[in-house]
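Single-letter residue listing:
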Amino acid sequence: MTGVSLNVNGHPHHVDADPQTPLLWVLRDEIGLTGTKFGCGIAQCGACTVHVDGQAMRSCVAPVSAVAGRKVTTIEGLQSRAAKAVQKAWVDLDVVQCGYCQSGQIMSATVLLEQNPKPSDEDIDLAMAGNICRCATYVRIRAAIHAASAQLSA
Amino acid sequence: MHPLMQAFRDAQRDGSEDLGLAARARPPAPARTGVTRRDVLAAGGLVVAVGGWLPAAASAAGQASEGSAAKAALEPNQFVSIGSDNLVTIVNKHHEMGQGNTTGLATLVADELDADWSLVRTEYAGSDVKRYANLAFGMQGTGGSTAIANSYIQYRTAGATARAMLVSAAAQAWNVPAGEIRTSNSVLTHASGKRATYGEMAAAAAKQEVPKAPTLKTPAQFTLMGHEHATPRVDSASKCNGTATYTGDVKLPGLLTAVIAFPPSFGAKMVSFDASAARKVKGVTDVVAVPEGVAVVARNTWAAQAGRNALKVTWDESAGAQLDSEALLAHYRELATQPGTPFAKPAPGSAATAAKSVEASYEFPFLAHAPMEPQSCVAWLHDGQLETWAGHQFPSIDHQLAAKAAGLPMDKVKLHCLVSGGSFGRRANAWADFTVAAVNVAVAIKGRAPVRLQYTREDDMSAGLYRPMGVHAVKVGLTDAGKVASWKHTVVIQSIVAGTPMAMMIKDGIDPTSAEGVSPTAYDLPMMDAQLHSPVLPVRPLWWRSVGNTHTAYVMETMMDKLAQAAGQDPLAFRLALLEKNPRAAATLRLVADKAGWGKTMPAGSAQGIAFHESFGTAVAQVAEVTLKDGKVRVDRVFCAVDCGVAVNPDVIRAQMEGGIGFALGALYYSEIELKAGRPVQRNFDQYKSLRIYEMPAVEVFIAPSTAAPTGVGEPGVPPLAPAVANAVARAGGPVVTRLPFARAGLVSA
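In order, the protein sequences belong to chains A and B.
For the record, in the first sequence the residue sitting at position 83 is 83 according to our numbering, with numbers rising by one throughout.
For the record, in the second sequence the residue sitting at position 398 is 398 according to our numbering, with numbers rising by one throughout.
Hint data in this document are derived by calculation from the structure and do not stem from the laboratory.
Check the hints yourself; a few may be wrong.
[Stated by the list, open to error] As a list, the in silico DMTMM-like pairs of lysine to aspartate or glutamate whose alpha-carbon atoms are at most 25 Å apart:
#1 412/B with 458/B
#2 629/B with 121/A
#3 207/B with 180/B
#4 118/A with 636/B
#5 632/B with 16/A
#6 282/B with 16/A
#7 280/B with 122/A
#8 282/B with 121/A
#9 629/B with 16/A
#10 88/A with 700/B
[What the hints assert, rightly or not] Cβ-to-Cβ under 8 Å is the rule here; a few derived chain B residues that face chain A:
#11 242
#12 246
#13 249
#14 252
#15 662
#16 702
#17 738
We treat Cβ as the ideally placed atom computed from N, Cα and C, and that holds for glycine.
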């Protein structure tokens, strides 16, 4: 059988795509999950960030063949306690402006809190350095991560 | 008033104060965004998405959000309707690109309506200049930080109208005087114990006369405007769970994707192309010439890009071969020494004898807007009509040019105006570049299917439409007492509006967007003697968040510090002396100075810098605290005071100041598009660096209390930041930077 099999948000998918196709375009064009965004195509901006086996990955440069048989999670499939805390904090603090980068920001922040529930400012700088926000909502991103962290330990 | 607003006002045939509130009957085919939930439910509750798509209607309980009410029982005008389900739907006539105007406009209506914020839903208007014009422009469009300012009375009146009709219906139903009825949180009550929700009274209210001039609240009566936490953003939920619909997310049956092989350099002409390899790429359906270049159309985005990679195009690049930033800069420097067209002349008797003078020249690069969402537009030619979906920031211009490209009358063209992933000016251009290109592709494939034109980041960044590069040369004389005796100022920069429909803004050879911030200026400088050169280039210039103020504020505010130093005065005191006739500006400066503890002792290597700039009617003063370490700059904190009249949504204002500060700081540090042999060198975020989270300073925003009509906040936070930082760097012992960006001076790691 040609194509690639992958698991997205808990569901198996088989897509008839060139194995070199970036995961981003398979998610968006083939599977119809458009919450993951195209920003730069060269892993510089982080708008396309998804989770692959619980790790943040820039889907715009990851060939779909590289995630065959692995667990992919997109913004639409976030379930973890950390993820819910992040999304709630993002809404509570009205982090978003244009919103286009925020799926990626939330995906990166979720991995950070899943692995480090009480991050310092330096931890946040490191984990979020790959996600550009041209609206520069960084003050609130930082505050929301701290708020989500507090919620997780409450 | 911003010159753009003035020009559009001047151009308006009807200069009356008509708010344009339409009669309650809606036209048969309302040009709204996509298929609304209401349309779907009206069709029998069957959830279908044929030929359309569903806007994000989902919302967390108790949260105002995007979406719409189930059934409009009361619809007194084109901005507000109330359903029998008690939901209030408010239509945003403006483009939401992150600046929060959807929340702001809903607040204006909801406050006058006394609506429960959790019951408010919002939608985006389609292109319809008769119903949804920007009252400051006379056309439908968003820019110049005008969304709230032009809508302030219109949207409040829309809400007050609906409220008056509800009250009138209740008075009739309960047989009590209207004046005895109270409204609060979408409920009508009377002392007798009578009570009805807006939803319950909506149908009866629809039968009431539409009041012509309903009474508006006084600022003291506002229950939402200016109240903290009263109006959380309506678009937060959809933008945090992936359901917000941007252009690239539009789903249509058989939708194809196109990318265009654009000219590689400015002025390049296509000679020929060989599509044979491109056509062999799996998924590619069409390779067609369009006025913009060669379009590769495919069943998905990756195939379109792969097809473009396989395409062989021969270009004639001779036209732009000489176009080079450094050569251009040398030319601009030379121009700055020549007499130009005057835009400010010294008032008689204003010049004094100078005891000494301060001279400086400044150099500014081309800047790309680089919004997070690269440009894209969906175009669908079908049944003798054209539909487009995009972040249409100037729907009136996009509509006209889309119709022209399609060869259709405007009433056969329908624009669906979506939220966009940022703009900063990019989507508001006189050429409607991405809209027209998408329509051209749709025409080239003969409307066989809907098609989405997708710019890659490189396409977007290489397209021109830059904040133009510029040079300022300034010479200021000071008296013995340290007062400004003379001010000679020459600006060299492309006109943004020349050659566009906005050229009507040019008066006496002066494009006001080149001069704003030097003249007019908030400071009392009657001796100003300023001239302009407007060179013409094959690179299209465009407004970039805060337009001319992006460079004029830097020059004026760093000059203020140089002059204060030469005069032996404190930079704040020096400015205040020039603002005696502008108490609002002076108060804004004093507010930020007070909050920042201006003049306090800073640790070694650190310093404060101050700047003030008024733009789009809003006064903003900032104090930046910087640290220099090993020759590199770090901005630790920025204090920001803003006077924008009534603070409709204080948290949105704070957000715009925070974001404007970060946006401006990234540009100050890194941003530059260089041209070499006609080609832009920086084409993606690896070379055109953006501010990242570890570089973002702490920001504290202070909003001046005011009952004056609101002015804008989308842009005015930008201009003071760069000079405040530059002044702080100089005061910390660093260089006085006159050529941007900072990376050129080695102040940040490039």
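List, from low to high, the hint numbers that the structure doesn't satisfy. 1, 5, 7, 8, 9, 14, 16 and 17
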